[in-house]
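Residue numbers (the numbering used here), protein chains in the order written: chain A, 4 to 375; chain B, 4 to 375.
Honestly, the hints are just simulated from the structure, not real lab data.
Source: prediction; values computed, not measured.
Mixed in with the good hints there might be a few duds.
The list makes no distinction among identical chains, and a pair is therefore deemed to hold if it is satisfied within one copy or across any two copies.
[As the list claims (entries may be wrong)] Straight-line distance between alpha carbons at most 20 Å, and here's what the computed DMTMM-like set of lysine to aspartate or glutamate pairs gives:
#  : residue 1 : residue 2
1  : K115      : E44
2  : K286      : E135
3  : K257      : E363
4  : K359      : D29
5  : K113      : E363
6  : K336      : E128
7  : K359      : D91
8  : K113      : E135
9  : K158      : E313
10 : K257      : D319
11 : K359      : E128
12 : K286      : D147
13 : K205      : D137
Protein chains: 2
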Amino acid sequence: MNTVIPAKIGMSTRDVDTPALLIDLDNLERNISVLAAYCDEQKIDLRVHAKTHKSVDIAKLQIRHGAVGICCQKVSEAEVFVQNGINDILITNQVLGEHKINRLTCLAKKSKMGVCVDDPANVEELNRIAAEQDVHLTILIELDVGGGRCGIRSKQTLNLMAKKITKASHLVFGGLQAYHGGAQHIYDYRLRRQAIEHAVRKVSACKRWLLSHGSSCRSITGGGTGTYPFETGSGLYTELQCGSYVFMDADYGKIHMEDKQIINTFENSLFVLTAVMSKTNAKRAICDAGLKAHSIDSGPPLVREARSVEYVASSDEHGVLHDPENILRLGDKLLLIPGHCDPTVNMHNWYIGIRKNRVEQIWPVSARGMLT
Amino acid sequence: MNTVIPAKIGMSTRDVDTPALLIDLDNLERNISVLAAYCDEQKIDLRVHAKTHKSVDIAKLQIRHGAVGICCQKVSEAEVFVQNGINDILITNQVLGEHKINRLTCLAKKSKMGVCVDDPANVEELNRIAAEQDVHLTILIELDVGGGRCGIRSKQTLNLMAKKITKASHLVFGGLQAYHGGAQHIYDYRLRRQAIEHAVRKVSACKRWLLSHGSSCRSITGGGTGTYPFETGSGLYTELQCGSYVFMDADYGKIHMEDKQIINTFENSLFVLTAVMSKTNAKRAICDAGLKAHSIDSGPPLVREARSVEYVASSDEHGVLHDPENILRLGDKLLLIPGHCDPTVNMHNWYIGIRKNRVEQIWPVSARGMLT
Numbered sequence: 004m005n006t007v008i009p010a011k012i013g014m015s016t017r018d019v020d021t022p023a024l025l026i027d028l029d030n031l032e033r034n035i036s037v038l039a040a041y042c043d044e045q046k047i048d049l050r051v052h053a054k055t056h057k058s059v060d061i062a063k064l065q066i067r068h069g070a071v072g073i074c075c076q077k078v079s080e081a082e083v084f085v086q087n088g089i090n091d092i093l094i095t096n097q098v099l100g101e102h103k104i105n106r107l108t109c110l111a112k113k114s115k116m117g118v119c120v121d122d123p124a125n126v127e128e129l130n131r132i133a134a135e136q137d138v139h140l141t142i143l144i145e146l147d148v149g150g151g152r153c154g155i156r157s158k159q160t161l162n163l164m165a166k167k168i169t170k171a172s173h174l175v176f177g178g179l180q181a182y183h184g185g186a187q188h189i190y191d192y193r194l195r196r197q198a199i200e201h202a203v204r205k206v207s208a209c210k211r212w213l214l215s216h217g218s219s220c221r222s223i224t225g226g227g228t229g230t231y232p233f234e235t236g237s238g239l240y241t242e243l244q245c246g247s248y249v250f251m252d253a254d255y256g257k258i259h260m261e262d263k264q265i266i267n268t269f270e271n272s273l274f275v276l277t278a279v280m281s282k283t284n285a286k287r288a289i290c291d292a293g294l295k296a297h298s299i300d301s302g303p304p305l306v307r308e309a310r311s312v313e314y315v316a317s318s319d320e321h322g323v324l325h326d327p328e329n330i331l332r333l334g335d336k337l338l339l340i341p342g343h344c345d346p347t348v349n350m351h352n353w354y355i356g357i358r359k360n361r362v363e364q365i366w367p368v369s370a371r372g373m374l375t
Numbered sequence: 004m005n006t007v008i009p010a011k012i013g014m015s016t017r018d019v020d021t022p023a024l025l026i027d028l029d030n031l032e033r034n035i036s037v038l039a040a041y042c043d044e045q046k047i048d049l050r051v052h053a054k055t056h057k058s059v060d061i062a063k064l065q066i067r068h069g070a071v072g073i074c075c076q077k078v079s080e081a082e083v084f085v086q087n088g089i090n091d092i093l094i095t096n097q098v099l100g101e102h103k104i105n106r107l108t109c110l111a112k113k114s115k116m117g118v119c120v121d122d123p124a125n126v127e128e129l130n131r132i133a134a135e136q137d138v139h140l141t142i143l144i145e146l147d148v149g150g151g152r153c154g155i156r157s158k159q160t161l162n163l164m165a166k167k168i169t170k171a172s173h174l175v176f177g178g179l180q181a182y183h184g185g186a187q188h189i190y191d192y193r194l195r196r197q198a199i200e201h202a203v204r205k206v207s208a209c210k211r212w213l214l215s216h217g218s219s220c221r222s223i224t225g226g227g228t229g230t231y232p233f234e235t236g237s238g239l240y241t242e243l244q245c246g247s248y249v250f251m252d253a254d255y256g257k258i259h260m261e262d263k264q265i266i267n268t269f270e271n272s273l274f275v276l277t278a279v280m281s282k283t284n285a286k287r288a289i290c291d292a293g294l295k296a297h298s299i300d301s302g303p304p305l306v307r308e309a310r311s312v313e314y315v316a317s318s319d320e321h322g323v324l325h326d327p328e329n330i331l332r333l334g335d336k337l338l339l340i341p342g343h344c345d346p347t348v349n350m351h352n353w354y355i356g357i358r359k360n361r362v363e364q365i366w367p368v369s370a371r372g373m374l375t
């Protein structure tokens with residue numbers, strides 16, 4: 004694919020071509036260290052979610068800081084990480100159909116591979132193909148713990164599937180996937196905590212049900228950047244799956260944790276660098292980062308520092324900035340905190356890693372566009 | 004960059020891996036022919052906007068059907084097209100700063116290059132670098148014709164800039180860029196027409212002003228898929244810049260043209276193929292195309308054919324389908340009409356071109372991610 008790298012190592016931040024995806028390396032490393040220390044202290048495993056950054060370099064940094072492995076959402080994402088030496092991956096998603104499962108089992112020859120299921124026929128299909136390839140897959144049963152997305156909803160199905168997995172020749176029953184995606188972005192602390200308390204009651208009942216019906220339940224995995232202290236506090240989860248904590252974004256910025264929960268200590272490390280490219284109105288400036296440079300699905304980006312300036316509208320290649328004090332000039336560069344980090348990252352080919360206002364690292368967004 | 008092609012030539016549509024970006028080649032070709040015939044009949048030039056498709060293959064098809072050249076929004080986009088033999092490009096945007104202008108002037112050695120301006124200092128900068136490289140650039144003055152984005156707003160500035168461009172040693176004054184982006188998506192026919200009538204009055208006054216002050220005004224360029232009959236009907240515009248007409252999308256689908264205007268004859272040619280990957284609730288299905296497979300900035304995608312099914316919510320890698328009649332089953336494949344074609348295309352690496360339910364073409368999204 005065609006690509007243009009918008010910076011060179013050693014360059015000053017303000018010389019980076021725009022728009023570009025910047026990482027504040029100090030903040031990134033601090034976020035990684037803070038969560039690693041928390042998990043260490045709480046004696047809970049951290050399996051970082053690589054769907055956020057899609058970066059082999061960042062995944063390796065997280066593993067060096069103690070992460071037990073990574074999560075991916077797609078087989079094609081996992082392929083990139085396995086090709087680059089990551090060897091413990093959980094696909095926190097359903098993988099269906101001969102073509103995708105064949106690729107999954109190929110990966111299992113080089114890496115420990117886990118996958119989630121919520122359908123009995125899918126369990127049979129996974130085992131059949133794993134047997135053909137003579138590999139073993141770790142299988143987690145996904146519970147719908149309130150997100151209303153994937154995941155089983157009845158204890159009867161749970162039991163049936165656990166038995167089916169346990170009996171299958173090439174599957175290893177790993178336990179439960181119990182991630183509540185919707186809860187991550189509930190702004191109100193009390194409501195967010197309640198959502199996870201509800202999830203924890205469901206997970207607890209399912210675990211008891213499994214044990215009382217002769218199944219094991221080795222791991223319970225879930226939790227994200229918005230809720231992980233609640234899952235950890237439950238004493239029930241064995242593994243967290245946080246992803247966004249490495250970067251944070253404008254939407255996570257709205258999530259306030261009370262009780263001095265650790266989320267307050269994560270800092271924005273991801274920015275879109277943009278330049279003012281038109282200024283024909285005193286109170287309006289147009290910048291060069293629009294819908295193809297950041298995602299507005301969770302609201303517009305925030306402008307870092309220049310406090311009176313607000314990003315008010317996006318079109319494909321432009322952003323409209325409200326500039327009430329007329330402080331912006333043509334060529335001025337601004338840092339935008341994206342509304343939503345994951346889909347923003349997925350638009351860019353390169354991370355430009357900055358320290359002390361200089362380009363220190365240029366990392367590919369290794370699994371960008373890996374959709375299948 | 005890493006990439007996985009989700010199909011093979013000759014494969015049946017239903018075997019294409021998901022999610023994938025599909026083109027109905029018959030509809031694409033028909034859209035291209037219809038607008039080409041219209042422009043021919045109306046004796047107006049068509050300079051197709053390549054920001055929509057970012058595809059060398061589609062641009063060449065449009066040029067074979069009579070397009071005089073292409074528009075791009077970014078220098079890096081134009082670089083891809085020039086490298087692939089397209090040699091008449093207008094950048095319908097401001098290009099500022101030494102680095103970007105240097106790249107623009109490099110392109111002018113191989114291709115006719117035009118660019119828009121709305122600032123006098125930018126004119127000087129363009130001329131200085133064009134002179135250093137000994138190339139000529141065609142310069143269009145961009146007017147703000149109601150979009151509230153880039154473009155000058157006063158006749159005094161217009162005159163000053165036209166003189167400056169005309170006097171500049173390495174610039175050729177090409178005329179006016181008068182595109183009203185906001186008007187393209189006004190759903191109400193009457194209001195949309197009024198917006199362009201307002202634009203036309205402004206353009207007409209500016210042209211008279213230029214001519215009466217001794218400047219020329221060779222071309223007036225603008226118009227998009229939502230409004231081009233109005234610009235054409237004005238008799239003032241010399242060139243249209245339609246882009247989305249090749250694909251259409253759910254948002255353009257909401258734009259109804261009265262008076263049998265030609266837009267009704269464009270058909271959806273762009274789809275995201277997605278598969279049902281979870282069905283644990285009778286009235287809900289989860290598909291594998293979320294925020295990283297299509298853009299929801301202009302609303303959710305529509306489901307083609309399966310009429311009772313509705314795409315109701317997106318998360319990063321999932322779509323929630325409301326399935327009131329419980330007709331969907333695991334593995335079922337659906338065609339989604341994206342809410343907004345341009346930013347959707349920019350997420351994908353490959354177009355899978357389909358005819359008679361078979362894969363006939365696999366085209367790269369050549370300028371995907373070319374942001375700078």
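Hint check results:
| no. | hint | in the structure |
| --- | --- | --- |
| 1 | K115 x E44 | neither (26 Å within a copy, 63 Å between copies) |
| 2 | K286 x E135 | neither (66 Å within a copy, 35 Å between copies) |
| 3 | K257 x E363 | neither (30 Å within a copy, 47 Å between copies) |
| 4 | K359 x D29 | within (9 Å within a copy, 54 Å between copies) |
| 5 | K113 x E363 | neither (32 Å within a copy, 35 Å between copies) |
| 6 | K336 x E128 | between (53 Å within a copy, 18 Å between copies) |
| 7 | K359 x D91 | neither (34 Å within a copy, 42 Å between copies) |
| 8 | K113 x E135 | within (16 Å within a copy, 55 Å between copies) |
| 9 | K158 x E313 | neither (50 Å within a copy, 29 Å between copies) |
| 10 | K257 x D319 | between (25 Å within a copy, 19 Å between copies) |
| 11 | K359 x E128 | neither (52 Å within a copy, 30 Å between copies) |
| 12 | K286 x D147 | between (48 Å within a copy, 15 Å between copies) |
| 13 | K205 x D137 | neither (35 Å within a copy, 72 Å between copies) |
Checked against the numbered hints given earlier, this structure breaks hints 1, 2, 3, 5, 7, 9, 11 and 13; the rest are met.
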